[in-house]
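For the record, the sequence lines run as chains A and B. When the letters of the first sequence are read in order and numbered with my numbering, they come out as residues 18 to 774. When the letters of the second sequence are read in order and numbered with my numbering, they come out as residues 548 to 675.
Hints should not be assumed to be uniformly reliable.
What the hints assert, rightly or not - A few chain B residues facing chain A, derived, Cβ under 8 Å: (1) 553; (2) 554; (3) 607; (4) 630; (5) 637.
To be verified - Here are the simulated distance ranges between beta carbons: (6) 612(B) to 601(A): 19 to 29 Å; (7) 648(B) to 41(A): 57 to 67 Å; (8) 650(B) to 712(A): 51 to 61 Å.
The hints are simulated quantities; they were obtained by calculation from the structure and are not laboratory data. If you're wondering where the values come from, they're calculated on a predicted model, not measured in any experiment. Yeah, the Cβ is synthetic: ideal placement off N, Cα and C, and Gly gets one too.
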Amino acid sequence: MSIALLFIIPIVLSVASPFGFRLLGKNWSKLVSFFILIMAGLVILLLDLASIGSPQTLSFDWIPRLGLSVTLRADSFGLFMALIITVIGAGVFSYTSEYMGDDPRTGTITGWLLLFMASMLGVVLADNIVLLFVSWELTSISSYILIGTNNHDPKARAGAKTALLVTSIGGLSLLGAIVLLGVATGVWNLSEMPAIHNHPWAASIFILVCLAAFSKSAQWPFCFWLPGAMAAPTPISAYLHSATMVKAGVFLLARMHPILSEHAAWTPVLVFFSAASMIVVIISIPKATDLKSLLAHSTVGALALMVCLIGIGTPYALNAMTVFLLAHACYKAPLFLVAGSIDHAVHNRDINALGGLAKKMPYTMLSACIAGISMAGIPPMLGFAAKEMILEAGLSYAPWLITLITILATAFVMVACCVVLIPAFGKNSCLVEKAHESPWSMLAPMLLIGIIGLACGLRLEMIENHLVSPAVISLGVKPAGLGLWHGFTLYLALSSLAVLAGWLAYTQRQALYKIIPVLPSGAVIHEVIWNTVLSFGRSLTQIIQNGSLTSYLGTTIIVTCALIFYAWVQVDAPVRPSLVQKITLAELSAGLLIMASSLATAFARKRLPAIAGLGAMGMGMTLFFIVSQAPDLALTQFLVEILSVVLLVVAFRHLPDFVGEPIKIQSGRLIISALTGLTMMVLTLVALSTEYGDRVSLWYGLNALRQGHGANVVNVILVDFRALDTLGEITVLSIAALGVGVLMGGLKQIKTKKEPT
Amino acid sequence: MEIIMSIVIGVCYACAVFLLLQKRLLQIVLGIALLGHSTNLLIFVASGLHGNSVPIIQNGLKELPLIAVDPLPQALILTAIVIGLALFGFSLALAYRCVAVLGHDDIDQITHTDTLDDPISKVDSKVS
Numbered sequence: 018m019s020i021a022l023l024f025i026i027p028i029v030l031s032v033a034s035p036f037g038f039r040l041l042g043k044n045w046s047k048l049v050s051f052f053i054l055i056m057a058g059l060v061i062l063l064l065d066l067a068s069i070g071s072p073q074t075l076s077f078d079w080i081p082r083l084g085l086s087v088t089l090r091a092d093s094f095g096l097f098m099a100l101i102i103t104v105i106g107a108g109v110f111s112y113t114s115e116y117m118g119d120d121p122r123t124g125t126i127t128g129w130l131l132l133f134m135a136s137m138l139g140v141v142l143a144d145n146i147v148l149l150f151v152s153w154e155l156t157s158i159s160s161y162i163l164i165g166t167n168n169h170d171p172k173a174r175a176g177a178k179t180a181l182l183v184t185s186i187g188g189l190s191l192l193g194a195i196v197l198l199g200v201a202t203g204v205w206n207l208s209e210m211p212a213i214h215n216h217p218w219a220a221s222i223f224i225l226v227c228l229a230a231f232s233k234s235a236q237w238p239f240c241f242w243l244p245g246a247m248a249a250p251t252p253i254s255a256y257l258h259s260a261t262m263v264k265a266g267v268f269l270l271a272r273m274h275p276i277l278s279e280h281a282a283w284t285p286v287l288v289f290f291s292a293a294s295m296i297v298v299i300i301s302i303p304k305a306t307d308l309k310s311l312l313a314h315s316t317v318g319a320l321a322l323m324v325c326l327i328g329i330g331t332p333y334a335l336n337a338m339t340v341f342l343l344a345h346a347c348y349k350a351p352l353f354l355v356a357g358s359i360d361h362a363v364h365n366r367d368i369n370a371l372g373g374l375a376k377k378m379p380y381t382m383l384s385a386c387i388a389g390i391s392m393a394g395i396p397p398m399l400g401f402a403a404k405e406m407i408l409e410a411g412l413s414y415a416p417w418l419i420t421l422i423t424i425l426a427t428a429f430v431m432v433a434c435c436v437v438l439i440p441a442f443g444k445n446s447c448l449v450e451k452a453h454e455s456p457w458s459m460l461a462p463m464l465l466i467g468i469i470g471l472a473c474g475l476r477l478e479m480i481e482n483h484l485v486s487p488a489v490i491s492l493g494v495k496p497a498g499l500g501l502w503h504g505f506t507l508y509l510a511l512s513s514l515a516v517l518a519g520w521l522a523y524t525q526r527q528a529l530y531k532i533i534p535v536l537p538s539g540a541v542i543h544e545v546i547w548n549t550v551l552s553f554g555r556s557l558t559q560i561i562q563n564g565s566l567t568s569y570l571g572t573t574i575i576v577t578c579a580l581i582f583y584a585w586v587q588v589d590a591p592v593r594p595s596l597v598q599k600i601t602l603a604e605l606s607a608g609l610l611i612m613a614s615s616l617a618t619a620f621a622r623k624r625l626p627a628i629a630g631l632g633a634m635g636m637g638m639t640l641f642f643i644v645s646q647a648p649d650l651a652l653t654q655f656l657v658e659i660l661s662v663v664l665l666v667v668a669f670r671h672l673p674d675f676v677g678e679p680i681k682i683q684s685g686r687l688i689i690s691a692l693t694g695l696t697m698m699v700l701t702l703v704a705l706s707t708e709y710g711d712r713v714s715l716w717y718g719l720n721a722l723r724q725g726h727g728a729n730v731v732n733v734i735l736v737d738f739r740a741l742d743t744l745g746e747i748t749v750l751s752i753a754a755l756g757v758g759v760l761m762g763g764l765k766q767i768k769t770k771k772e773p774t
Numbered sequence: 548m549e550i551i552m553s554i555v556i557g558v559c560y561a562c563a564v565f566l567l568l569q570k571r572l573l574q575i576v577l578g579i580a581l582l583g584h585s586t587n588l589l590i591f592v593a594s595g596l597h598g599n600s601v602p603i604i605q606n607g608l609k610e611l612p613l614i615a616v617d618p619l620p621q622a623l624i625l626t627a628i629v630i631g632l633a634l635f636g637f638s639l640a641l642a643y644r645c646v647a648v649l650g651h652d653d654i655d656q657i658t659h660t661d662t663l664d665d666p667i668s669k670v671d672s673k674v675s
């Protein structure tokens, strides 16, 4: 039940959000924040239950016919994530209330954020893999909408679109992965899933899982979408794009670790791609000038470290990953919030323009310092403990190159940290005058979350016993001891070296800027693919939909003829007209008249011969009907023909004469026409060669006089047996007549009205 | 006879399609009429050219003799002729109107629908 509350509360609040905001104004977000804190308390209760080995589960049928059920399972690792989601969520909602102020969009933004929170909790607590996928996609969609909050800004729209495209590649891959997993194992619950590294599908599943995780967690080559997503309002960046959603990929890999990690490709692939991401980060960080995009790059680096640790896959590395995940959430979210506060106060995020804000915004800058020290990995923060463990885990993995890259990445995170502190302690800028301290509801989250990071560092054994150890046990590995101070070890030396290198790089960053080459980033590749797809679509449209009726018609006719011929060949229908009658002179002359007049109509060079040809054809038809024993048809055709010619004569005065093009350039049309003629000829012969069974017409012949009381069977069919059809026909005729009347008559009115003006 | 009629039908269809593929509205309208004729002919011939008397029950008989021509295709074609007339008249009126408003009947130049500034819509608003 308590698990259900974790979902019921945010969803109910989400639906109520637009109304709540209208009712309470910006206090609504504060109220929401309070509710989320209650949820965090609930998570802690569940954690206690899970750590004594009885995780809460909740299961009910969703689509029983497909064997789908909603299965939630609150194990320690999921709850560890849920705790981060709720605690930082509470801070972010409190922050949003003042950051957005009375902006009318706040109600909807809060609603989407709550929905995002519910779906993110779904990702971390889902046991059923289909539910995991659905929640995963929901986070992508809410992320798309939240990035595009400022939808009047083309940059925000582009960033949102890129994020959606990239993460939906991941979503589709995840769908493939879970279907393969489910079919391969026959189990749809993560907790019961066996290791499948020997299964023939293991490689495909692994590739798909990697695609999903890398795109969600912004690893190379998908790392470009995260900086673009920074167009979102800062609380959203802090929440989705540093603390929670981007960690979903890492979370997925951690969940897949017991299932797939024995596969031979696991370690090399994960380590390679995380190393590539770190290299991208090392290149990008010195160039970033926007505070938020700098933080985004360092987030990519941090996520790469986590992926690398999962790739190394030793129990110690997984311990290090868990501690680092916690430490990262505790320092990156406050730093984002600080960046938001600066943006809010002076409307500038360019690190070259900022400086000396410590005097005006002391508490903001204090939280920046607390978080920054943790980020740089200086004792006694949690970040320090995490970094020690990362280095130790990295060193235990043989290739020294990886260790080197890890140290470099840590060093550059240090650079980022120094740069982040520029606004506080850099030289005074003209912006200082405008600066003002943020209200308490913005300050409290960033200070408190930062202080949590400090407290965790000081009370490591508590964190270890209640949070980290249960979490890694539920990942299936042994917990390793945490310690803030290991004595003067190699790792301490390396760690200090990284800090020193980082400081050096920071002071020399202008020189570094010149050395570092410009590499084609994933963004360029994305741009190229995107533009190619668009231009391909455009040129395809131009070929298919070229605006020429003639070519549409020609294509349709050719395809139809080809299909008829294909069907003819497939069915193997014989062409043996079985009922060859003797040729009578009357019939022959009628046929020849029809043929000749249709040819005359088609190839006439002037209006009048064409119309005369059509008239002659009508007469030919009439003649043919007479000689073929069809007096009613002949009569109707004769009357209709007279009417047609009258209509034509009325209209043709107003229609411009046509001068047909020379036959030479019409060869294409001639070929299409000839093809049609041939097809229809074959079709007629096939129809004539077919033996029919009982004819419907016999019934009409038998019953015309008895039931319809008429001797003319054709007439009886029309006005008695099929009278409703005839009524429909009359309706069509009257509608057409009305149309003709409006089209012709309306014109006269215009002419008379136009004359006076 | 059937073979000769098949050839006639083929030629009629070819001519109809040839006209439909032209660029002038009048030719296209003529093509539609020709297509109607061809199809009527096709239905008529396809039902078989056997039968020696008209589908009318003679005095003194209770039912149609088997040697009579099939009445059902004739009923169908009769409907088709009338509908064909409606279609022909309407397309002709449309072509007429089109030329009156646009001043030409080249279908390749009629590439977009009317907008509020187009003469067609202006005309309509005046009429109403």
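For each hint, the structure was consulted:
Annotation: residue 553(B) was flagged as interfacial toward chain A, and the flag holds, the nearest CB pair being 4 Å apart, inside 8 Å. For residue 554(B), the suggested interface contact is upheld, since its CB lies about 6 Å from the closest CB of chain A, less than 8 Å. Interface restraint check: residue 607(B) against chain A, minimum CB-CB distance 11 Å, threshold 8 Å, status violated. The interface hint given for residue 630(B) holds, since its Cβ lies 6 Å from the closest Cβ of chain A, which is under the 8 Å cut-off.
Nearest Cβ of chain A to the Cβ of residue 637(B): about 5 Å, under the 8 Å cut. The hint holds. A hinted range of 19 to 29 Å for the beta carbons of residue 612(B) and residue 601(A) is consistent with their spacing of about 21 Å. Under the hint 57 to 67 Å, the C-beta atoms of residue 648(B) and residue 41(A), about 60 Å apart, fit the expected range. Separated by about 54 Å at the C-beta atoms, residue 650(B) and residue 712(A) satisfy the suggested range of 51 to 61 Å.
Of the hints listed earlier, the one the structure fails to meet is number 3.
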